[in-house]
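Enquirer: Each chain, written out:
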Amino acid sequence: MDPYALKTLNAERRARRAAILVTDLGDGRDRIVREGDQVAGDLGAAIARAFRTGNSGSVEAEGRNFFLNAHLPQPRLVVIGAVHISQALAPMAKIAGYPVEIIDPRTAFATPDRFPEVALHAEWPEDVLKRQPLDSYTALAAVTHDPKVDDFALKAALDANCFYVGALGSRKTHAKRVERLLALGASADQIARIHAPIGLDIGAASPGEIAVAVLAQAIHAFRSRGLDASASAPKSKSILEKHDA
Amino acid sequence: MENSIYLDEARDPLIIAEGWMKDGKDVAIATVVETWGSAPRPVGSHLVIDADGNFHGSVSGGCVEGAVVSEAIDVIDSGKARMLEFGVADETAWQVGLSCGGRIKVYVERLG
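Top line first, the protein sequences correspond to chains A and B. With our numbering applied, the first sequence covers 8 to 252. With our numbering applied, the second sequence covers 39 to 150.
Please keep in mind that the hints were generated in silico from the structure rather than gathered at the bench. There may be inaccurate statements among the hints.
[Claimed, not checked] Computed list of lysine-lysine pairs in DSBU-like fashion (alpha-carbon distance at most 35 Å, straight line):
{"no.": "1", "chain 1": "A", "residue 1": "Lys155", "chain 2": "A", "residue 2": "Lys179"}
{"no.": "2", "chain 1": "A", "residue 1": "Lys183", "chain 2": "A", "residue 2": "Lys155"}
{"no.": "3", "chain 1": "A", "residue 1": "Lys14", "chain 2": "B", "residue 2": "Lys63"}
{"no.": "4", "chain 1": "A", "residue 1": "Lys14", "chain 2": "B", "residue 2": "Lys118"}
{"no.": "5", "chain 1": "A", "residue 1": "Lys137", "chain 2": "A", "residue 2": "Lys14"}
{"no.": "6", "chain 1": "B", "residue 1": "Lys60", "chain 2": "A", "residue 2": "Lys137"}
{"no.": "7", "chain 1": "A", "residue 1": "Lys179", "chain 2": "A", "residue 2": "Lys101"}
{"no.": "8", "chain 1": "A", "residue 1": "Lys179", "chain 2": "A", "residue 2": "Lys137"}
{"no.": "9", "chain 1": "A", "residue 1": "Lys162", "chain 2": "A", "residue 2": "Lys183"}
{"no.": "10", "chain 1": "A", "residue 1": "Lys14", "chain 2": "B", "residue 2": "Lys60"}
{"no.": "11", "chain 1": "A", "residue 1": "Lys155", "chain 2": "A", "residue 2": "Lys137"}
{"no.": "12", "chain 1": "A", "residue 1": "Lys101", "chain 2": "A", "residue 2": "Lys155"}
[Claimed, not checked] With the C-beta cut set under 10 Å, the calculated list includes, among others, these residues of chain A facing chain B:
{"no.": "13", "residue": "Pro10"}
{"no.": "14", "residue": "Leu13"}
{"no.": "15", "residue": "Ser65"}
{"no.": "16", "residue": "Thr145"}
Even for Gly, the Cβ is constructed at its ideal location relative to N, Cα and C.
Could you build all of it, start to finish, from the sequences and the hints given here?
Expert: As structure tokens, then:
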């Protein structure tokens, strides 16, 4: 392995960015491909698939045998609001493989009693997200129903290109939210990425059922990353970084 | 094991390999590139080895690591990568004991 490739790969992994190490098993040469880099042909298609699924494997392309080792950050879920829905959502998401953090400055809601075994922050989103920024491998669900708590986090999630952004509230509530987010400087395209009303339409009624709808929607967003042209993955000019082994 | 959103730096094979490299050590990296049947570690798993035979990570449930380490020391000497195959049908593998019934292919290369 090229020492520079290893350093680059570890730096990407530390920064919670996806990268694939592409190794030509014939001659041992390797290179790092970052998410959003354009790679042509069959190899490019296999790379895109590996970014989406996170699965590593061999691929025949251009008469050569390549090994793709996909390194995807652990996807996670940040929930704004320590409400009844969150109490159901937190354990479900954890079981599905998405670590959860809950943020709510209202100390009556954010109690360890109501949220055992969950990373819980009884603080304003502004303060928590400064320490632990959102990123494109984070899903954000805003469920407080309170603009004072939700709005900042929603804008931050759009700016960080979170793979999923959902907000609780009726269409009417959301229309008012759109106005406020526009005033905060979010673009119409960004705002269109918000899933509101939140959750897949499965007729969910109880908090537990709404949690299922939200989690399913977040998983769908994660597993269909890059399939939608409007999903704005950072574009890179470079074709491929190539290094001799 | 709990999924962490950050790397477990103390146990991450690729982070350890980079540290060894910075310390001036010769290092080999072994990677599971293919599995058949009930292989214990998924494709992409790493075992990293230094020239003294120290290692971190795993490519199986402990069944073939010993054999991979000794091959890796040869790879560090020669600089030539090797593809190793272990499985119950394989005489050598049977000796080193991949008892789960699966088969794995491990690519061993020198770092640098």
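Enquirer: Would you mind marking each hint as holding or not holding in the structure?
Expert: Hint-by-hint comparison with the structure:
{"no.": "1", "hint": "A:Lys155 to A:Lys179", "verdict": "holds, 17 Å"}
{"no.": "2", "hint": "A:Lys183 to A:Lys155", "verdict": "holds, 13 Å"}
{"no.": "3", "hint": "A:Lys14 to B:Lys63", "verdict": "holds, 15 Å"}
{"no.": "4", "hint": "A:Lys14 to B:Lys118", "verdict": "holds, 21 Å"}
{"no.": "5", "hint": "A:Lys137 to A:Lys14", "verdict": "holds, 27 Å"}
{"no.": "6", "hint": "B:Lys60 to A:Lys137", "verdict": "holds, 32 Å"}
{"no.": "7", "hint": "A:Lys179 to A:Lys101", "verdict": "holds, 32 Å"}
{"no.": "8", "hint": "A:Lys179 to A:Lys137", "verdict": "holds, 31 Å"}
{"no.": "9", "hint": "A:Lys162 to A:Lys183", "verdict": "holds, 14 Å"}
{"no.": "10", "hint": "A:Lys14 to B:Lys60", "verdict": "holds, 10 Å"}
{"no.": "11", "hint": "A:Lys155 to A:Lys137", "verdict": "holds, 17 Å"}
{"no.": "12", "hint": "A:Lys101 to A:Lys155", "verdict": "holds, 27 Å"}
{"no.": "13", "hint": "Pro10", "verdict": "holds, 5 Å"}
{"no.": "14", "hint": "Leu13", "verdict": "holds, 6 Å"}
{"no.": "15", "hint": "Ser65", "verdict": "holds, 6 Å"}
{"no.": "16", "hint": "Thr145", "verdict": "holds, 8 Å"}
When each numbered hint is compared with the structure, no violation occurs for any of them.
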